[in-house]
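Student: Letter by letter, the chains look like this.
4 protein chains.
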Amino acid sequence: MTRACTPSWAETTNGDGFGIGWYDAAPAPRVFRSIEPAWNDQNLRELAGHISSHLFFAHIRAAIGSAVQQANCHPFRHGRWLFMHNGFIDGFAAIKRDLVLAVDESLFPQIKGQADTEILFCLALTFGLADDPPDAVARAIGFVGACGRQRGITDPFQGTIATSDGESLRVFRYSSQGRSRSLFFSRDARTVKRQYPGRHALQQLSDDARFVVSEPIGDLPGAWVELARTG
Amino acid sequence: MTRACTPSWAETTNGDGFGIGWYDAAPAPRVFRSIEPAWNDQNLRELAGHISSHLFFAHIRAAIGSAVQQANCHPFRHGRWLFMHNGFIDGFAAIKRDLVLAVDESLFPQIKGQADTEILFCLALTFGLADDPPDAVARAIGFVGACGRQRGITDPFQGTIATSDGESLRVFRYSSQGRSRSLFFSRDARTVKRQYPGRHALQQLSDDARFVVSEPIGDLPGAWVELARTG
Amino acid sequence: MTRACTPSWAETTNGDGFGIGWYDAAPAPRVFRSIEPAWNDQNLRELAGHISSHLFFAHIRAAIGSAVQQANCHPFRHGRWLFMHNGFIDGFAAIKRDLVLAVDESLFPQIKGQADTEILFCLALTFGLADDPPDAVARAIGFVGACGRQRGITDPFQGTIATSDGESLRVFRYSSQGRSRSLFFSRDARTVKRQYPGRHALQQLSDDARFVVSEPIGDLPGAWVELARTG
Amino acid sequence: MTRACTPSWAETTNGDGFGIGWYDAAPAPRVFRSIEPAWNDQNLRELAGHISSHLFFAHIRAAIGSAVQQANCHPFRHGRWLFMHNGFIDGFAAIKRDLVLAVDESLFPQIKGQADTEILFCLALTFGLADDPPDAVARAIGFVGACGRQRGITDPFQGTIATSDGESLRVFRYSSQGRSRSLFFSRDARTVKRQYPGRHALQQLSDDARFVVSEPIGDLPGAWVELARTG
Chain A
515 MTRACTPSWA ETTNGDGFGI GWYDAAPAPR VFRSIEPAWN DQNLRELAGH
565 ISSHLFFAHI RAAIGSAVQQ ANCHPFRHGR WLFMHNGFID GFAAIKRDLV
615 LAVDESLFPQ IKGQADTEIL FCLALTFGLA DDPPDAVARA IGFVGACGRQ
665 RGITDPFQGT IATSDGESLR VFRYSSQGRS RSLFFSRDAR TVKRQYPGRH
715 ALQQLSDDAR FVVSEPIGDL PGAWVELART G
Chain B
515 MTRACTPSWA ETTNGDGFGI GWYDAAPAPR VFRSIEPAWN DQNLRELAGH
565 ISSHLFFAHI RAAIGSAVQQ ANCHPFRHGR WLFMHNGFID GFAAIKRDLV
615 LAVDESLFPQ IKGQADTEIL FCLALTFGLA DDPPDAVARA IGFVGACGRQ
665 RGITDPFQGT IATSDGESLR VFRYSSQGRS RSLFFSRDAR TVKRQYPGRH
715 ALQQLSDDAR FVVSEPIGDL PGAWVELART G
Chain C
515 MTRACTPSWA ETTNGDGFGI GWYDAAPAPR VFRSIEPAWN DQNLRELAGH
565 ISSHLFFAHI RAAIGSAVQQ ANCHPFRHGR WLFMHNGFID GFAAIKRDLV
615 LAVDESLFPQ IKGQADTEIL FCLALTFGLA DDPPDAVARA IGFVGACGRQ
665 RGITDPFQGT IATSDGESLR VFRYSSQGRS RSLFFSRDAR TVKRQYPGRH
715 ALQQLSDDAR FVVSEPIGDL PGAWVELART G
Chain D
515 MTRACTPSWA ETTNGDGFGI GWYDAAPAPR VFRSIEPAWN DQNLRELAGH
565 ISSHLFFAHI RAAIGSAVQQ ANCHPFRHGR WLFMHNGFID GFAAIKRDLV
615 LAVDESLFPQ IKGQADTEIL FCLALTFGLA DDPPDAVARA IGFVGACGRQ
665 RGITDPFQGT IATSDGESLR VFRYSSQGRS RSLFFSRDAR TVKRQYPGRH
715 ALQQLSDDAR FVVSEPIGDL PGAWVELART G
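As you go down the protein sequences, you meet chains A, B, C and D in turn.
Its first residue numbered 515, the first sequence is counted upward by one per residue in our numbering.
Its first residue numbered 515, the second sequence is counted upward by one per residue in our numbering.
Its first residue numbered 515, the third sequence is counted upward by one per residue in our numbering.
Its first residue numbered 515, the fourth sequence is counted upward by one per residue in our numbering.
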């Protein structure tokens with residue numbers, strides 16, 4: 515298999531579990547997570563046909579260092595908030611203790627797994643995610659960067675992040691070395707439907723449907739807009 | 515652990531996977547199955563809070579002979595039909611070939627697992643479950659009995675069965691040796707709610723809610739009526 | 515099922531995964547862990563027939579609070595050491611941060627799960643398990659007790675512990691409230707074999723075989739000696 | 515990810531479980547199988563360091579139609595025999611009943627899964643695998659081909675097969691359409707070790723070690739010899 519066009523930091527197979535999160539009438543979002551590859555998961559197929567929501571999260575995992583277990587699968591949840599991440603904290607083992615100590619004491623008992631993203635989420639919560647999401651995420655990433663550099667790690671953070679409280683969706687992209695992972699959103703659904711009249715799945719989209727994705731999916735030229743690269 | 519009151523044919527722990535099935539607006543019912551014990555399954559907890567339906571099936575499995583895998587978890591599904599079973603076919607390995615050969619050829623490719631119940635379900639479908647459920651189930655059990663006795667098995671079948679097409683629920687109890695497993699249904703929900711005003715979960719039941727169970731659950735004396743033993 | 519004789523602190527079903535550990539010629543012991551119940555695990559059956567060792571650990575888990583995942587299954591391993599525990603730290607969520615902060619910084623990145631026992635093991639390692647096992651385990655339990663009482667927990671610790679470096683096996687029993695779980699060892703294997711000439715599995719034991727168990731197994735009156743209760 | 519050089523019939527990711535089989539002093543070979551991807555399976559890593567044998571089978575699975583469950587993972591076992599297969603029976607659902615009916619009645623109860631390979635193995639056993647492996651495998655493939663063509667399937671079989679009784683290893687390659695999958699064996703281990711002095715893993719091979727693989731592994735030009743294509 516040729517992998518010539520795959521950037522060196524990207525995993526080519528995301529088969530180490532997956533997770534979906536969605537909002538319904540309940541106070542907290544729902545989460546379904548599995549340690550098996552998404553592609554042949556029968557339960558996912560069943561649920562995908564059953565669940566309807568105005569806001570979905572979906573994540574397929576390529577484990578980097580931490581174990582393949584449900585507690586390490588995205589999205590992570592706290593109260594109304596969902597959080598997921600495509601990327602990693604470099605040198606996480608070396609700075610994990612520093613990061614964990616900075617997590618608000620009340621959040622500490624809720625840490626369930628060992629994924630770097632769960633700690634990042636806890637830091638964002640600690641730094642005020644509920645009040646000012648962009649500021650909290652920026653401070654969390656900044657703190658990771660500071661801890662990493664203190665331990666001699668050159669590029670401590672890179673990735674894209676999605677988080678929501680069920681009302682609005684916030685996405686971020688950042689890289690310590692200025693080469694952030696990609697992030698795309700879909701064009702207006704009416705436009706995409708006109709562009710691909712023969713694609714049945716697309717035709718079922720409501721007019722206000724919108725996707726935000728790490729990488730373009732579905733071989734749909736013209737359907738995706740890349741978020742400007744600032745980091 | 516004392517197990518003095520447990521009949522000899524009953525498994526004391528049903529930890530070999532579980533399954534739920536339910537009907538929504540889709541043509542076929544939904545099924546969610548897992549090979550882990552139900553008691554600590556996080557996804558089950560999530561889904562139990564999310565799914566609503568007018569008709570649910572739920573089954574916890576104690577594997578008897580066949581592997582712990584999703585394809586062997588109840589409820590089984592075919593078209594609109596769900597089917598589950600508490601019991602077993604005695605000497606199943608010895609008569610399995612006879613039974614499988616009697617399954618309608620069109621159903622054969624849909625056999626996904628190795629559970630005796632899946633074959634029983636296929637036999638019931640072969641014998642006309644969609645047209646006359648009681649007759650089809652009776653003929654399926656009768657056929658199992660005939661095959662078993664031909665191979666020298668004294669008591670080939672015992673168990674309770676539940677099946678539905680989403681409209682009505684049919685339950686059966688039968689034993690080749692005349693000692694069928696138990697089967698109970700719940701009294702009128704308004705009565706039970708009046709009887710247990712402090713039980714929060716019960717108070718949430720709608721007035722027309724009804725449970726059919728293999729064994730009384732929830733320590734609720736007075737809430738259950740046993741189906742008359744005819745087999 | 516009657517459970518009248520089960521003490522209130524004991525779990526009646528240990529179906530939340532299991533683990534075995536053993537020593538061979540390699541520098542570190544081997545560990546095999548699974549999140550499925552041990553009773554129907556096909557791989558366990560295969561390995562049980564294949565592996566031979568002078569020293570085995572085996573543990574079946576009843577999850578109390580932490581997730582059913584391999585990283586929470588006993589035995590835990592560090593270097594030459596294996597460690598397992600039957601019991602729990604009461605109020606673990608409340609004191610976990612205090613405990614984790616006391617773990618040696620070099621051990622911190624190796625924490626893989628969320629089980630109380632893993633933290634207890636890390637504390638014992640921090641307090642010198644390799645040099646003086648009884649002292650280190652006593653100090654670890656003492657520290658858990660002190661942290662717990664500081665947070666208002668009446669009986670922070672109870673359980674039995676087994677640990678080894680492959681040379682000797684150390685077992686401990688202790689309870690903050692003076693009602694420790696039980697711990698038994700088997701009588702001289704020659705005696706047991708003479709006592710049960712018809713038990714094939716026992717006859718295969720070498721003359722110097724010895725079991726240490728939380729509870730007597732195998733319905734073998736006369737084969738077990740209870741460790742004196744001091745805690 | 516570019517996949518330009520991947521033949522159309524090859525799966526690019528084998529993440530649907532795996533299995534290993536090996537021979538030790540026991541009458542039957544051992545098998546270890548898992549439904550998770552091999553690449554992050556902790557138990558596989560443990561066992562790979564522990565097990566030694568003169569003959570290993572290893573298989574990573576890309577499920578084609580049948581469920582991801584241990585019973586469908588290769589290698590399959592019967593008595594002294596192991597059997598695995600890289601390929602598939604085209605139109606398996608349509609001819610499965612014909613194939614199953616041809617399986618010796620004594621073998622029928624031992625069918626545990628739904629994989630086409632398990633049925634192929636049962637057919638080879640039925641046709642005398644223990645007496646004349648090449649003839650039995652040829653007859654099994656021939657029977658599959660005949661059944662397939664009778665049902666209108668153009669190219670019913672393609673794949674490579676490995677089977678052993680612990681003494682000798684037999685490998686086969688065949689395709690109904692004359693484009694069989696590849697099959698390679700490694701050159702003399704002393705030659706390979708001389709050729710790659712810096713590859714630590716290779717240097718640990720004994721002089722008589724030999725690999726037979728579906729596709730060259732390890733980026734080792736010069737180390738592999740392709741079996742002549744006859745089918």
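One should not assume that every hint holds.
Copies of the same chain are indistinguishable here, so a pair counts whether it falls within one copy or spans any two.
Pairs of lysine to any residue residues, derived as SDA-like cross-links and limited to a Cα-Cα distance of at most 20 angstroms, are as follows [claimed, not checked]:
1. Lys707 with Ser720
2. Lys610 with Leu734
3. Lys707 with Leu734
4. Lys610 with Phe622
5. Lys626 with Val614
6. Lys626 with Val727
7. Lys626 with Gln556
8. Lys707 with Gly659
9. Lys626 with Gly593
10. Lys626 with Trp553
11. Lys610 with Phe698
12. Lys707 with Glu740
13. Lys610 with His564
14. Lys626 with Leu615
15. Lys707 with Leu613
16. Lys626 with Arg693
17. Lys707 with Gly642
18. Lys707 with Trp553
19. Lys610 with Gln556
20. Lys707 with Ala540
21. Lys626 with Asn557
22. Lys626 with Pro730
23. Lys626 with Arg559
Everything labelled a hint here was simulated from the structure, so no lab data went into it.
Student: Mind listing which of the numbered hints don't hold for this structure, in increasing order?
Tutor: 2, 6, 8, 11, 13, 15, 16, 17, 18, 19, 20, 22
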